[in-house]
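Fit chain L to the supplied structure of chain S, relying on the hints for placement.
Number of protein chains: 2
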Amino acid sequence: MLTVLFAAKDERWPHYRDPLARAIAEAGIVAQVMTKADPALVDYIVFAPNGPVYDFAPFKRAKAVLSLWAGVEKIAPNPTLRLPLARMVDPGLAEGMVEYVTGHVLRHHLGIDRYVHGLRDWSPAVPPLARERRVAILGLGELGAACAQALAALNFRVSGWSRRPKTLPGILARSGEEGLVRTLAEAEILVALLPLTAETENLLDARRLSLLPQGAVLINPGRGAVIDDAALLAALDEGRLGHATLDVFREEPLPQGHPFWGHPKITITPHVAAETRPETASRVIAENIRRGEAGEPFLYLVDRAAGY
Amino acid sequence: MLTVLFAAKDERWPHYRDPLARAIAEAGIVAQVMTKADPALVDYIVFAPNGPVYDFAPFKRAKAVLSLWAGVEKIAPNPTLRLPLARMVDPGLAEGMVEYVTGHVLRHHLGIDRYVHGLRDWSPAVPPLARERRVAILGLGELGAACAQALAALNFRVSGWSRRPKTLPGILARSGEEGLVRTLAEAEILVALLPLTAETENLLDARRLSLLPQGAVLINPGRGAVIDDAALLAALDEGRLGHATLDVFREEPLPQGHPFWGHPKITITPHVAAETRPETASRVIAENIRRGEAGEPFLYLVDRAAGY
Numbered sequence: 001m002l003t004v005l006f007a008a009k010d011e012r013w014p015h016y017r018d019p020l021a022r023a024i025a026e027a028g029i030v031a032q033v034m035t036k037a038d039p040a041l042v043d044y045i046v047f048a049p050n051g052p053v054y055d056f057a058p059f060k061r062a063k064a065v066l067s068l069w070a071g072v073e074k075i076a077p078n079p080t081l082r083l084p085l086a087r088m089v090d091p092g093l094a095e096g097m098v099e100y101v102t103g104h105v106l107r108h109h110l111g112i113d114r115y116v117h118g119l120r121d122w123s124p125a126v127p128p129l130a131r132e133r134r135v136a137i138l139g140l141g142e143l144g145a146a147c148a149q150a151l152a153a154l155n156f157r158v159s160g161w162s163r164r165p166k167t168l169p170g171i172l173a174r175s176g177e178e179g180l181v182r183t184l185a186e187a188e189i190l191v192a193l194l195p196l197t198a199e200t201e202n203l204l205d206a207r208r209l210s211l212l213p214q215g216a217v218l219i220n221p222g223r224g225a226v227i228d229d230a231a232l233l234a235a236l237d238e239g240r241l242g243h244a245t246l247d248v249f250r251e252e253p254l255p256q257g258h259p260f261w262g263h264p265k266i267t268i269t270p271h272v273a274a275e276t277r278p279e280t281a282s283r284v285i286a287e288n289i290r291r292g293e294a295g296e297p298f299l300y301l302v303d304r305a306a307g308y
Numbered sequence: 001m002l003t004v005l006f007a008a009k010d011e012r013w014p015h016y017r018d019p020l021a022r023a024i025a026e027a028g029i030v031a032q033v034m035t036k037a038d039p040a041l042v043d044y045i046v047f048a049p050n051g052p053v054y055d056f057a058p059f060k061r062a063k064a065v066l067s068l069w070a071g072v073e074k075i076a077p078n079p080t081l082r083l084p085l086a087r088m089v090d091p092g093l094a095e096g097m098v099e100y101v102t103g104h105v106l107r108h109h110l111g112i113d114r115y116v117h118g119l120r121d122w123s124p125a126v127p128p129l130a131r132e133r134r135v136a137i138l139g140l141g142e143l144g145a146a147c148a149q150a151l152a153a154l155n156f157r158v159s160g161w162s163r164r165p166k167t168l169p170g171i172l173a174r175s176g177e178e179g180l181v182r183t184l185a186e187a188e189i190l191v192a193l194l195p196l197t198a199e200t201e202n203l204l205d206a207r208r209l210s211l212l213p214q215g216a217v218l219i220n221p222g223r224g225a226v227i228d229d230a231a232l233l234a235a236l237d238e239g240r241l242g243h244a245t246l247d248v249f250r251e252e253p254l255p256q257g258h259p260f261w262g263h264p265k266i267t268i269t270p271h272v273a274a275e276t277r278p279e280t281a282s283r284v285i286a287e288n289i290r291r292g293e294a295g296e297p298f299l300y301l302v303d304r305a306a307g308y
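Chains as they are written, first to last, in this note's numbering: chain S, 1 to 308; chain L, 1 to 308.
For reference, chain S alone in the conformation it holds in the complex (with noise of 0.2 Å):
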């Protein structure tokens, strides 16, 4: 019988205890899941950073690092950690992100918060086709790309920018310094979906965002600290950015007293764009256990040169 250490927040694991479980029997596989166990027994690391676990020395007999998260950024650098890390690649996940990512740029698009606002007489105005309005992706990992394809189902005009090139069809994908360049000054709806690495970090600066078209609304379901906030501020406050909606912040709970909050042009929605779903989760948890005991490679293995 193997061992799965669930190393998340207590407050996970009756979200998970049932469907790891299930996912687990189904996968064909004998095994006990457990929120506590001897280091020295533990076959698999179920993992969020935000657990107990820091020091992965003790886990001599472990083969994989599960994380339960899309993002590794936290785990990646751990020196402690010499096994092999899989990060989250939820089917679930990405349907919440498709879905909230679709409603905020059909918000924008329609300039929604208008009425939702409350209109106080009647004075139409159009907005333009969506076969008119540029919408821009920066990542085109599984989350960007997933996005970046509702959109053009949607008949926007979408362009992805990615560091290493890519391929998507109905995308126009670009890489590269210079396509980064392009990419932004076409931007109407801008969606940052990039992981947090060095290269990522402070991305969306100042003279990055001063590329934006007039009027650019931003939106952040990826990572806070891509966006340098100072900037971001400086550049709705000057009326070049015309809204910035926010999933995601350098600390979260986003701080009381955090300029953003309250901020006439900004949208703060509370980390809600990308849940890990325990069921969809749970199963991709139980495949990387199969193919592990089976010998066969891990599913979304990181880099963790890269980072991600």
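Hints listed in this document are in silico derivations from the structure and should not be mistaken for laboratory results.
Some hints here could point you the wrong way.
Computed footprint of chain S on chain L, listed as stretches where at least three residues anywhere in the stretch have a Cβ under 8 Å from a Cβ of chain S [as the list claims (entries may be wrong)]:
| # | segment |
| --- | --- |
| 1 | 90-98 |
| 2 | 151-158 |
Partial selection, computed: residues in chain S whose CB lies under 7 Å from chain L [unchecked claim]:
| # | residue |
| --- | --- |
| 3 | Leu106 |
| 4 | Trp122 |
| 5 | Val126 |
| 6 | Ala130 |
| 7 | Pro253 |
| 8 | Pro270 |
| 9 | Glu275 |
Using N, Cα and C, we set each Cβ at its ideal position, and we do this for glycine too.
Okay, now just chain L, sitting in the frame of chain S:
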């Protein structure tokens, strides 16, 4: 060089100037589009009933009147009009409707209003996935069917109802009175896209609104008079319905003092869901000018005797 007179409301001209010029150039036509011209020199009249032209007699050389409106009941009976009359069939209108309906369904699905009004504290509330959300469309004509399919592509559980039986891939389509009862009973989000006829006037009355699930949301971008206004207000005020987003009304503009104005559970959009779009409408106009010059039959020619 042809002379095209733009005979619509002055305020529409800035919206059409560039799209018309582009569409005409792309159709390979050499023409000047003007808002004022000597009638004797005009080759084509781009027309809206609320514009400056009532008497067509002086347009002795013109080859056609090209309406910007789909409905021609205000011009068809004009005794001074002896020219061919084409009505507008704008593909952009259906696209705009799909974007409006998808945007507002996602807005209610994701609970976006809470964030637009501004969070006061960090209080995550993750919505269900679209695959767990039931949306119903009343009316499965061209617009209703297009909206149903766009929502199904986003994984919503879509059902539809029409007076006469229809079949749509991926949609649970019902008809008849019993079908309506079952459709309403499961509609967490209800979209009304019914034509206005003797049968549909007040179709959403107190009895039928009471069939909706507790907290359901109603979106009406079709025809205002399919809803019994007083019954809707009662259902909202008694807390049985969660919200109504209304684009159409019995009287438009919605009269000052109407109880819909300022109602906390009603979002008013001023008939913007299905507007003729300058880009796509301009292409229809340009194509008809090209046809006129090539001696080909006009598109969407009105049968003046029938009146449409």
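Original post:
Tell me, which hint numbers fail for this structure?
Top reply: none
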